[in-house]
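Novice: Listed below are the residues making up each chain.
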Amino acid sequence: MTADVLPAALAPAPRAAPGYWGGVWRRLRRDKVTLVCAGILLLMLAAIVFAPLIAPHSPYQASMLRRLKPIGFPGYPLGTDELGRDMLTRLIYGGRLSWYLGITPVAIAFVVGGLLGVIAGFAGGWLNMLIMRVTDVFYAFPSVLLAVAISGALGAGIFNAILSLTLVFIPQIIRVAEAVTTGVRTLDYVEAARASGAGALTIVRVHVAPNVLGPIFVYATSLISVAMILASGLSFLGLGTKPPEPEWGLMLNTLRTAIYSQPMIAILPGLCIFVTSICFNMVSDGLRTAMDVRA
Amino acid sequence: MLLYLLRRTLYAVPIALAVSLVCFSLVHIAPGDPINAIVPADAPQEVVDQIRREYGLDKPLPVQFGLWLGHVVQGDLGRSLATGRSVWSDLSVAVLNTLRLAVAASLIGFAVGCVLGGLAGVFQGTWIDRVATGLAVAGVSVPHYWLGMVMVVIFSVELGALPAMGAGPTGGGAWAWDWAHIRHLVLPAVTLCVIPMGIVTRTLRGIIAEIMGQDFVNTLRGKGLLGRTIFLHVVKNAAPNALAVMGLQLGYLMGGSILVETVFSWPGTGFLLNSAIFQRDIPVLQGTILVLALFFVVLNLLVDLMQTALDPRIKRA
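Chain order of the listed sequences is A and B. Numbered according to my numbering, the first sequence spans residues 1 to 295. Numbered according to my numbering, the second sequence spans residues 296 to 612.
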C-alpha cells in the first residue's frame, strides 16, 4: 500500500486559496496597533449608540448648585460643566454629533467625489478638463479656510457645517479618484475588454470600479480624522452646532472659561476628539498597509 | 525652463480669478439680500440706495463681479459693518501678525520634522522610527485648538511662565523682535507647529527611506565614504521635496491658524475672521478670505517654480 492508491476521501482536502480579502484580513489580524484602535472606535460607537442606556444623567439638566465639580465628585465621575451638567453624560452624547459631523461629509464626498473623479479619469478629454479645473479652484483654498469661509457666510448650523465640509473634501477625493482611474484605464485588461466589445459602462463597472474603489476608500478613511477636527473646530468657533446641544468642539469652547478653575475638566472634550482622531488615522494607515494601497 | 516659468505663472491667473469669484459669491450665498450684508441694518434708505448703485447691486451678477473686482484690484475691499473702517486697514495689520505666527510655526515644525523624519528614515524599523512616526501621527491627529488650551493650562496656569493671550504690550499694532513680544509668540507658534511637524516628518521619512535604498548610496558606502559625506548627498537629494512641503505648509498655516489665534487671542487674520463671523460682518469675512486665498495661490506658484529651479531632475517645459 503506497500513498498514491489512498482513497480520495482520505487525502487532505485542498484548502481554498485565500482571496484578496482573505489576505487583507490576515494582515489586519496581525497588526496589533490597528486592532486596538479599531477596538477603541467600536467601543466609542457602542457608547454613543446606546447613550440613553449607559449615560448616568440627562445631558441637558443644569444645576447652579453643582457647577464645575471636580473629577470624582460623588455621582459625577467626570465632574460637571460650567452649567452643572454631568460631564460623562455630555461626553457620551457629544460623541453622537461629533461622529455624525465627522463622518457624514466624508461619506457624501466619497460618493460624489469618487463618482466625479472616476468619470473624469475614465472619460478624459474635455470632461476631464472641466472637472479637474473646477477642482483646482477649490484646491487653491487651504481646507480650514474654505470650511470657515463657506459656513461663515451661510451662518451657524449643523446642515451648513456638513455642507461646507463636504465641499472641502469633494475636490480632494476627486483628485485621488481621477489619478487612480487614469492609471487603471490604460492597463492591458481594460484595452482587452474594449477590444472584445464591452461598452464603457460595463468596463467601468466590471474592470475599473473594483480596482479603484480600494484606494479611494482608504484615502477617504484618512480624511475622517481631519473631518472630525475640522467639524469640532467649526463648532469651537461658534459655527456648526449651537448650544445647548452636546458636541465636543462646542463643549471645549464653552468650557474655555473654566480653564483656570477646573483645567482637567476643560480639556476633557478635546481629549475625546484627539483619541477618536488618532484612532481613525491609525486604522486608516493599517487599512492602507493591509490593502496594499500606494497613494 | 523659462517657458515653464511663463506658463505656470499664466496658469495662476485664471486660478486667482476663479478664487476671487468664489470669494465674491460668499456675499451671495449668505442668507438674505446681499445689500444687508454690506450696509448696517439701521442705515437710512438713501444710503442703502446709494451703496446699491455704487456697488452695482442693481446690475446683473457678471457685471457686479466685474465692478467688485475693479474695486479689489485698487485695494478697496469695502467697509467693515461693525467698525465702519475700511477692511484693508484692519486686514493689513492682521495679515502681518498671522504671517509672523505662521512663519515661526512652520520654521519650528520644519526643523523638528526634519530631525524626526531624517532619524526615522535612516533608522527605519527601529524604536527611533516608531517614536518619530508616532509623534508624527499625533501631530496630524491632535485638534490643535485643544493642544493650545493644554499648553495654556501647563505653561500659563500651572507654571506661570508664558502669557496665555495677546501679542505683547502694543497689542499687535507694532511688533518688535524683543522678548516682551516674542514670549507671546512662543505658545501659539509651538501649538501651531505640530501640524507641519507631523507632515514634514512623514514626508521626509518616506523620501529618506527611498533615497537610502538607491544604488548610489550603496556605491558611496562601497567607496568607503564616511557617514557625514553620505548624509550630505542624501540631504541634497531630499531638499527640494522637503522645502516644497514646507512652503505649502506655510500657506496652510496662514489659512488654518484661525482656531489657534482664537484660543490665544492672537490679533491676526484668524481673530479678525472669528469676530467677523460673530458679528456677521460679511465684508471683513470676504476680504480676509480673499487675501489669504490669493496668498496661497501665489505661494503655490512660488513653491512650484522654486522646486523646478532647485531640482535638476525635474524637466518641465
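Just so you know, the hints here were simulated from the structure itself, not pulled from any lab data. The structure displayed is predicted, hence computed values, not measured ones. Wrong hints could be hidden among the right ones.
On the chain B side, residues computed to face chain A include the following (Cβ under 8 Å) [stated by the list, open to error]:
no., residue
1, Val314
2, Phe319
3, Leu364
4, Leu430
5, Val447
6, Phe450
7, Gly522
8, Ile525
9, Leu527
10, Gly542
11, Gly550
12, Leu554
13, Asn569
14, Leu587
Idealized CB from N, CA, C, for every residue including glycine.
Novice: Grab the minimum C-beta distance from B/Leu587 to chain A and call the hint holds if it beats 8 Å, violated otherwise.
Specialist: Holds, about 6 Å.
Novice: Does B/Leu364 pass the interface check with chain A, least Cβ-Cβ distance below 8 Å?
Specialist: violated (15 Å)
Novice: Would the stated hint for B/Gly522 survive a check requiring a Cβ distance to chain A of less than 8 Å?
Specialist: violated (30 Å)
Novice: Holds or violated: B/Val314 as interface residue toward chain A, Cβ cutoff 8 Å?
Specialist: OK, holds: B/Val314 within 8 Å of chain A, min 5 Å.
Novice: Does B/Leu430 pass the interface check with chain A, least Cβ-Cβ distance below 8 Å?
Specialist: Check failed: Cβ of B/Leu430 comes no nearer than 11 Å to chain A, outside 8 Å.
Novice: Holds or violated: is the Cβ of B/Phe450 closer than 8 Å to a Cβ in chain A?
Specialist: Interface hint status for B/Phe450: violated (12 Å vs cutoff 8 Å).
Novice: With a cut-off of 8 Å, does the beta carbon of B/Phe319 approach a beta carbon of chain A closely enough for the hint to hold?
Specialist: With Cβ-Cβ at 11 Å, over 8 Å, it is violated.
Novice: Classify the hint on B/Asn569 as holds or violated, based on whether any CB of chain A lies nearer than 8 Å to its CB.
Specialist: holds (6 Å)
Novice: With a cut-off of 8 Å on the beta carbons, see whether B/Leu527 makes it to chain A.
Specialist: Since chain A brings no Cβ nearer than about 29 Å to B/Leu527, farther than 8 Å, the hint is violated.
Novice: Classify the hint on B/Gly550 as holds or violated, based on whether any CB of chain A lies nearer than 8 Å to its CB.
Specialist: holds (3 Å)
Novice: Double-check B/Val447 for me: the hint is only fine if its C-beta lies closer than 8 Å to a C-beta in chain A.
Specialist: At 6 Å from the nearest chain A Cβ, B/Val447 passes the 8 Å test, so the hint holds.
Novice: Should the interface hint for B/Gly542 be scored as holding, given a Cβ-Cβ cut-off of 8 Å against chain A?
Specialist: violated (13 Å)
In summary, the numbered hints that this structure violates are 2, 3, 4, 6, 7, 8, 9 and 10.
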